[in-house]
Amino acid sequence: MITNKPQQAEDRSRPMSSYLSPLVQQIQPSGIRRFFDMAAGSKDIISLGVGEPDFKTPWHVREACVYSLERGFTGYTSNAGMPELREGIAGYLHDRFGLSYDPGNQIIATVGGSEAIDLALRALIAPGDEILIPEPCYISYSPITSIGGGIPVGIETFGKDHFKLTAEGLEAKITPRSKILILCYPSNPTGAIMSREDWEPIAKVVEKHDLIVISDEIYAELTYGANHVSFASLPGMMDRTILVSGFSKAFAMTGWRMGYACGHPDLIAAMLKIHQYTVMCAPSMGQVAALEALTNGMEEKDRMVDSYNQRRRLIVKGLREAGLECHEPQGAFYAFPSIAGTGLTSDEFAQRLLREYRVAAVPGSVFGLGGEGYLRCSYATSVSQLNEALERIGAFVMQLRRERNNA
Amino acid sequence: MEQMNELKRKVLELLKEDARRTPELMATLLGVQVDEVKSAIEQMEQEHVIVKYATVVNWDKVDDERVTALIEVQITPERGRGFEGIAERIYMYPQVKSVYLMSGAFDLLVEVEGRNLREVANFVSEKLSPIDSVLSTKTNFTLKKYKQDGIIFEDHEEDNRLMISP
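Protein chains in written order, with the UniProt record's numbering: chain A, 1 to 407; chain B, 1 to 166.
For reference, chain B alone in the conformation it holds in the complex (with noise of 0.2 Å):
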């Protein structure tokens, strides 16, 4: 059991790394059977441990006009679901990224994009702000992402040693 999990863990960095890799280079990366790979990801796909296999894009580089901004919301939670239902109520709209519960100053931080600046607003005094349990918002546009996921964006620490070398 222990074993697997230390297998499961590394196969999830490798896929972290690069969610291309095949069952196959893991097995030989890992100095383990194709099969104890395979098995690994197929169990981690039905327990949702591994969600989606999607891709890091950096947009700024795509001609393609979009913003994003990360509202800080105050809610009332409610009796008996605390923050599920809001959240839920929330996160359900397509033009929300993702939703945190957080500790602090506010209660959910919550991620939308958007076309342009009027869509995101639209969205928080039309959808957002209206809902019963939301007694505040502020919202904070992203001006530029530098660093996501891990990986950083705009990668300067190029390989730059010599050919061939001691």
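Just chain A, same shape as in the assembly (with noise of 0.2 Å):
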């Protein structure tokens, strides 16, 4: 009961805060929030640290779902989604991926990828469970563990391997309490991927140490020159593996705020159970869209993947004429070259760059272990404004240098 009596807030002995899970207490706020307050309410200021399409969704998958709007589907679908949309992922997954999914019973359309990624963790964690994340990643999965009851270890990918994990870094890691392993290949931050060769020894230690997998594969659409290679797709994978997926990335539909999770269906009905008691289901005007996009979105999605490698061209190309290190991202759409040779930390050099030159890039420090001297910057902008942000990091880095040789 809320009562505007100003002296009840007063009045109690504890704080409200202290009322807080403690689980939730220890979360600290992310550091991409901190980067967004900063630049907010600034127009001039070019970014490269937006994680999504410049893309609008395409037009016919806007306009399918406004038609259904029309004829008034406006009703809760099943709990795991429309059949016809997981009979949709089923084929999808299968054509691109070689992968056999029974819609039945092994796919839950998700409110994004990100309530797919929490459903696996609260199914899977007890607690005192260890959570295996590589790092730098994207920087949910460790705060959801920790509020899931898990404990996140961080495995340090490193530039010189072009982030990819390895068997090895994996192993180290391994305790008797670790149970779950998160992939996010392709990655973000990092643009890495991993081959068939690069997975192979990696089931092995999953396989040996009897893990769970949580396979984060939105950006699997995004690759440039070599094909994503989905980890349920190794052999004795597939059971093993929660494979998390979704429209924003794809087909440019972030806001629609449409996942899936597919997987053992052991697995996938307790995921249900807690996505039927929280969510009921994934919005239905964007099963819909979804459904259009999985059917007719395919020549879109290949044009606007053209673009994203051309752009990624570019934006290599200036980082490393600015003077700083850039592997070669080959999927999602950020570059993250290595800002280390300028003297300052990651989160120094954005902030500079922000304050004085204008471009918004995220800190790599944010994204967890092996971060630090990096710069997140996303190619998902305009040609033009690439070119002017890139003017201006050169800038901006030869000023650092001038500022070191008068030190």
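These are computed hints drawn from the structure, not numbers from a lab.
Just so it is clear, the structure is predicted and the values come from calculations on it, not from any experiment.
Backbone N, C-alpha and C define an ideal beta-carbon position, used for all residues, glycine too.
Possibly wrong hints are sitting among the right ones.
As the list claims (entries may be wrong) - Derived list of chain A stretches under chain B, where covered just means 3 residues or more per stretch with a C-beta under 8 Å from a C-beta of chain B: (1) 40-52; (2) 133-142; (3) 310-317; (4) 337-349.
Using the supplied hints, reconstruct the complex from the two chains, each of which is provided in its own coordinate frame.
In structure tokens:
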């Protein structure tokens, strides 16, 4: 009950924050959020900080959704999602990555890939379980592991390995309490991808230590040169893997919040329990749009991927010409240059770049172990904006060099 | 040959998006050598694949009154030359911005531009209609141009993404 008597707040012996779950209290606000606050409100900033496509959702997808609304398709769907959508997802995964899931009991449509990851972790974690997370990685894995009662264990990956996870790196962090490995390739923030040869030794370690894998493959469609290899497609890994993906990145559908999870029927059933008691079902209009994207959206997707690829070449060349070392990202839409040679921390570099040169990028340190000394630059922005941003970064690096020489 | 054609097609797409792009920028975007792009452009200019580098203008935003009409023209084809000669006679007028041979209820679609309605009307009555082979004309004045050559004039799809996001 909320009352408007002011003395109520003053009389309370405990501060309100002390009521919060200790699991939530221990979570720190994200470093990305802090940069967002710094950049907010300024108009002349060029942002390389955006983790989403600069395309609008293709018109035919938007139109299909509007048409379904006009026909009154506004109710609940079944908990796991519209059967047609699950069949669509099954067909897509089969055709693209050689995976065979039964749409009847192995696929669940979720509110974005984020919900799917949360469901998977909550369905699996017992208090004290250790969750292995190769880093630098997407900022949410560690906090939601903690909220779920698990213990996040970071595995550092390195620029010299092109930020690929190695079997040795993984094995070194395994303890008797290790239970889950979270994978995200193509990687946000590094743009790294894994080949079948890269995966094979990892799969052996997973099997040897009886791990369950949550494989976040949200960027699977965004690869340049080499095709994505789904971890679930490796021999023996299908049943050990919860494949998480969604429509946000491939089809420029971030705001629709449409994702999905696929896996062993027992795991999916457990996730479905949580899903049905929390969100009930993914939004019906989003499901209609997602089905349209899968059915008729591949040509548009290819066009967008082609465009990202062009801009990927531009940003890597530009960053190198600006004097920053930059490994070649082969997936997602991020370049991850090293700024270690400038003598600044990634946080200092990003703050000064924003304040003095009006370019927003995200310091690598917010992405966990191994991120310090790097900067995440999204190239999901127009060629002209990228060119301008690269010029400004070049000028900033030059200025830093002068400062160091004068010091 | 196949590769060259693919490169040419990609260069054309990049130039259609923005004709001011330099060969250096296009070479970077496409991951090829600058010389390859330059030679592709040269070839296409010589072959008249690239006819001209022009600017798409939204004249509604310029304080310069002009009207455009799309005129449906029915004609009698000429012996031996079909529609070619008559099309040529029409497109040589500077007021005529484009001429298309059409299938359907009429033969030529002629886009005419003038400073005002009277100027376009005069062109139709004094120049176009009197041509011997012209059987009839039907003039449709353009009230507003929304999209041309794939370019939306009043593009409401601004980039309204957050500055920074995960």
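Do the hints match the structure? See the list:
{"no.": "1", "hint": "40-52", "result": "holds (count 8)"}
{"no.": "2", "hint": "133-142", "result": "holds (count 3)"}
{"no.": "3", "hint": "310-317", "result": "holds (count 5)"}
{"no.": "4", "hint": "337-349", "result": "violated (count 0)"}
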